[in-house]
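*Asks:* Each chain is listed here by its residues.
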Amino acid sequence: MRRHPALRDALIAAIALVVLLLIPAFHRSPAFEDYVIRVSAMALFATSLNLLVGGAGMVSFGHGMFYGLGAYAFALLMQMTDLSLPVAALAAIAITAVGALLVGAVCIRLGTIYFAFVTLAMQMLFFSIIISWQSLTGGDQGLRGGIPRRELFGFELGSQLHLYQFCAVVMVLGLLAMRHIAASPFGATLRMIRDNETRAGFLGVVLWRARLTAFVLAGAFAGLGGVLAALFVSGAYPELADWPNSGQAIFAVMLGGIDTFLGPLVGTMILLALNDIVTRVTEYHGLVLGLVILAFALGLRRGLLDFLRLRRKGAKA
Amino acid sequence: MDLDALGNCFASSACVVTQTTSGLIVGMLLFLVAAGLTLIFGVLKIVNFAHGTFYMLGGYVAFSTLALTDSYTLAVVAAAAAMALFGVLFERLLIARVYGSNVLMQLLICYAVVLIFDDVVKIVWGPDFHAMGMPPAFQVAPLFIAGGVVPPFYAVLIGISAVIAIVLGLGLALTRIGKTVRAAAQNPSMVSALGVNTTLLFALVFAVGGALAGLAGALAAPVRSLSPGMGFSILIESFIVTVIGGMGSIAGALVAALVIGLLRGFGTIGFPMFTDGLTYVAMILILVTRPHGLFGREVA
Numbered sequence: 001m002r003r004h005p006a007l008r009d010a011l012i013a014a015i016a017l018v019v020l021l022l023i024p025a026f027h028r029s030p031a032f033e034d035y036v037i038r039v040s041a042m043a044l045f046a047t048s049l050n051l052l053v054g055g056a057g058m059v060s061f062g063h064g065m066f067y068g069l070g071a072y073a074f075a076l077l078m079q080m081t082d083l084s085l086p087v088a089a090l091a092a093i094a095i096t097a098v099g100a101l102l103v104g105a106v107c108i109r110l111g112t113i114y115f116a117f118v119t120l121a122m123q124m125l126f127f128s129i130i131i132s133w134q135s136l137t138g139g140d141q142g143l144r145g146g147i148p149r150r151e152l153f154g155f156e157l158g159s160q161l162h163l164y165q166f167c168a169v170v171m172v173l174g175l176l177a178m179r180h181i182a183a184s185p186f187g188a189t190l191r192m193i194r195d196n197e198t199r200a201g202f203l204g205v206v207l208w209r210a211r212l213t214a215f216v217l218a219g220a221f222a223g224l225g226g227v228l229a230a231l232f233v234s235g236a237y238p239e240l241a242d243w244p245n246s247g248q249a250i251f252a253v254m255l256g257g258i259d260t261f262l263g264p265l266v267g268t269m270i271l272l273a274l275n276d277i278v279t280r281v282t283e284y285h286g287l288v289l290g291l292v293i294l295a296f297a298l299g300l301r302r303g304l305l306d307f308l309r310l311r312r313k314g315a316k317a
Numbered sequence: 001m002d003l004d005a006l007g008n009c010f011a012s013s014a015c016v017v018t019q020t021t022s023g024l025i026v027g028m029l030l031f032l033v034a035a036g037l038t039l040i041f042g043v044l045k046i047v048n049f050a051h052g053t054f055y056m057l058g059g060y061v062a063f064s065t066l067a068l069t070d071s072y073t074l075a076v077v078a079a080a081a082a083m084a085l086f087g088v089l090f091e092r093l094l095i096a097r098v099y100g101s102n103v104l105m106q107l108l109i110c111y112a113v114v115l116i117f118d119d120v121v122k123i124v125w126g127p128d129f130h131a132m133g134m135p136p137a138f139q140v141a142p143l144f145i146a147g148g149v150v151p152p153f154y155a156v157l158i159g160i161s162a163v164i165a166i167v168l169g170l171g172l173a174l175t176r177i178g179k180t181v182r183a184a185a186q187n188p189s190m191v192s193a194l195g196v197n198t199t200l201l202f203a204l205v206f207a208v209g210g211a212l213a214g215l216a217g218a219l220a221a222p223v224r225s226l227s228p229g230m231g232f233s234i235l236i237e238s239f240i241v242t243v244i245g246g247m248g249s250i251a252g253a254l255v256a257a258l259v260i261g262l263l264r265g266f267g268t269i270g271f272p273m274f275t276d277g278l279t280y281v282a283m284i285l286i287l288v289t290r291p292h293g294l295f296g297r298e299v300a
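If you're matching them up, the sequences are chains Y and X in order. In terms of this note's numbering, the first sequence opens at residue 1 and continues consecutively. In terms of this note's numbering, the second sequence opens at residue 1 and continues consecutively.
No lab work stands behind these hints: they were computed from the structure. Careful, some of the hints might be misleading.
Computed footprint of chain X on chain Y, listed as stretches where at least three residues anywhere in the stretch have a Cβ under 8 Å from a Cβ of chain X [to be verified]:
1. 112 to 122
2. 294 to 307
Computed list of lysine to any residue pairs in SDA-like fashion (alpha-carbon distance at most 25 Å, straight line) [what the hints assert, rightly or not]:
3. X:K45 to Y:E197
4. X:K122 to Y:P244
5. X:K45 to X:L85
6. X:K122 to Y:N275
Glycine is no exception: its CB is placed at the ideal position from the N, C-alpha and C atoms.
Please put together the full structure from these sequences, using the hints given.
*Replies:* So, in structure tokens, the structure goes:
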């Protein structure tokens with residue numbers, strides 16, 4: 001298997017997809033399906049963020065902008081045009097990629113901490129535009145009126161089961177695509193820049209071009225996550241583009257681990273499950289969530305998967 | 001957008017005075033919070049995301065102290081002292097454990113503290129907005145300056161903050177401890193090798209940062225309402241201030257805070273829907289033209 005990592009990844013993805021699709025055949029649980037749908041949107045978002053954070057050492061605090069942009073672009077395209085769902089989704093992702101290109105062109109030359117804050121400022125600027133451009137976006141009420149449910153290959157996304165299947169497929173394919181990017185020579189180039197940008201520059205890597213490409217790709221995949229989020233909430237709300245949402249993605253990435261590809265997925269699953277469980281038990285879910293995060297940060301000092309991987313390495317050595 | 005209103009405002013001295021004072025209020029509060037942030041970043045290279053929590057807790061401590069003792073002076077002192085202690089505990093118990101590990105880990109810990117204390121505030125003081133109201137000593141007739149109305153408390157707030165800016169600036173520039181702090185910002189291990197107790201120094205820096213934020217919270221309490229989320233919003237704005245000013249520069253924080261404050265003061269008239277947006281546009285413009293902020297030097 002070692003010689004065909006791409007094949008191995010595809011196999012893992014196929015198995016995961018089959019398992020996800022088979023679960024409802026044995027046991028229908030609206031809560032579980034709802035959970036998977038939310039995980040799918042958030043996991044794409046968090047993993048795309050980790051393309052930047054873990055893969056390229058670019059800590060963006062404003063990645064939620066592209067999640068929100070994808071959601072708004074998709075919802076608006078569906079409401080205002082007759083485009084079919086896949087076309088609207090692809091167009092929304094293209095719009096997000098253009099947005100990421102513009103933002104990235106301004107931000108990528110900045111140093112780490114300034115990069116973090118300018119991306120955050122860009123997101124907050126985008127957020128204020130959403131709030132103030134009421135005629136287009138519905139302002140702080142969000143884009144209501146729902147997304148017209150168009151059939152897609154016999155799928156009716158109004159039904160929860162079909163939305164679940166659709167999201168599962170998109171999530172697995174999206175993660176697989178990002179895995180390919182991370183494992184490609186381009187992904188290796190990004191890691192080299194992360195570890196030693198001077199040396200990467202000497203070796204002939206055009207730093208800004210590699211970084212900008214990474215930024216645009218990550219933005220596009222965040223946009224895909226936003227499309228799923230828009231389908232789930234059947235609209236688009238400013239909260240999707242607000243900064244706590246970026247924060248959630250950052251914490252999902254860090255809880256799961258930045259040096260392991262599936263870390264952000266695991267982190268998302270932990271974070272959303274924690275949110276769900278804790279909200280049910282107590283109204284002070286911030287208090288409990290905070291204590292759990294502290295236990296993670298002080299106990300493991302890294303994300304869960306990174307921690308497990310290091311332990312396994314330690315046991316072998 | 002309402003440029004006519006903005007033009008009319010500039011034509012009337014009353015409006016200019018009123019908007020300038022309200023801009024200065026915003027700017028000075030931002031400066032107090034941002035000064036602590038930038039000091040902590042300058043010396044410890046820690047981006048303290050929990051700084052807004054210090055500000056919030058300072059406001060609530062002042063609120064309760066005033067209710068108990070009826071003395072606003074005591075309330076301000078109590079808030080600053082309590083937050084100095086809180087800052088030291090925060091540094092010693094939490095942040096000190098992750099020095100040298102990933103910056104994101106520090107961020108995670110700060111986020112946890114923000115979440116925890118937002119809920120602690122909800123448990124202790126309730127989830128609703130609190131209005132502290134103007135302290136009795138300041139319930140007097142407003143001052144009139146060039147036709148503009150200026151409540152006396154505003155003048156006091158601006159005055160106190162200005163004094164603190166001067167004390168902080170001179171203290172860092174001239175006193176022995178200020179010089180040690182600046183040396184530690186340059187090269188902490190060398191300072192430590194020269195026999196300075198850097199552990200104590202780091203705790204001191206957090207104490208000063210905490211006290212400034214607590215003070216800002218106490219000063220803000222009479223003019224703004226208290227709510228569990230108040231730390232979050234000031235955090236973003238004061239980060240913008242530190243970043244525009246250049247991280248680690250107190251003078252930069254002061255200039256940037258005043259720029260942002262005045263931009264907001266007049267922005268509410270010219271661009272009522274887009275006041276927040278103006279701040280972000282300012283930040284983007286400044287960082288694109290000066291990537292290390294107005295007064296910043298190269299940092300990692």
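*Asks:* The structure should be examined with respect to each hint, and the outcome stated for every one.
*Replies:* Hint by hint, here is what the structure shows:
For the segment 112 to 122 of chain Y, the stated coverage by chain X holds: 8 residues have a C-beta nearer than 8 Å to a C-beta of that chain, and at least 3 were required. Residue count for the segment 294 to 307 of chain Y with a Cβ under 8 Å from a Cβ of chain X: 6. That meets the three needed, and the coverage hint holds. Restraint check: the Cα-Cα separation between K45 (chain X) and E197 (chain Y) comes to about 21 Å, which is no more than 25 Å; the hinted pair holds. For the given pair, K122 (chain X) sits about 19 Å from P244 (chain Y) by alpha-carbon distance, which is consistent with the 25 Å threshold.
Restraint check for K45 (chain X) and L85 (chain X): the C-alpha separation of about 20 Å stays at or below 25 Å, so the hint holds. With a C-alpha separation of about 18 Å, the suggested pairing of K122 (chain X) with N275 (chain Y) holds against the 25 Å cut-off.
Violated hints are absent here; each numbered hint is respected by the structure.
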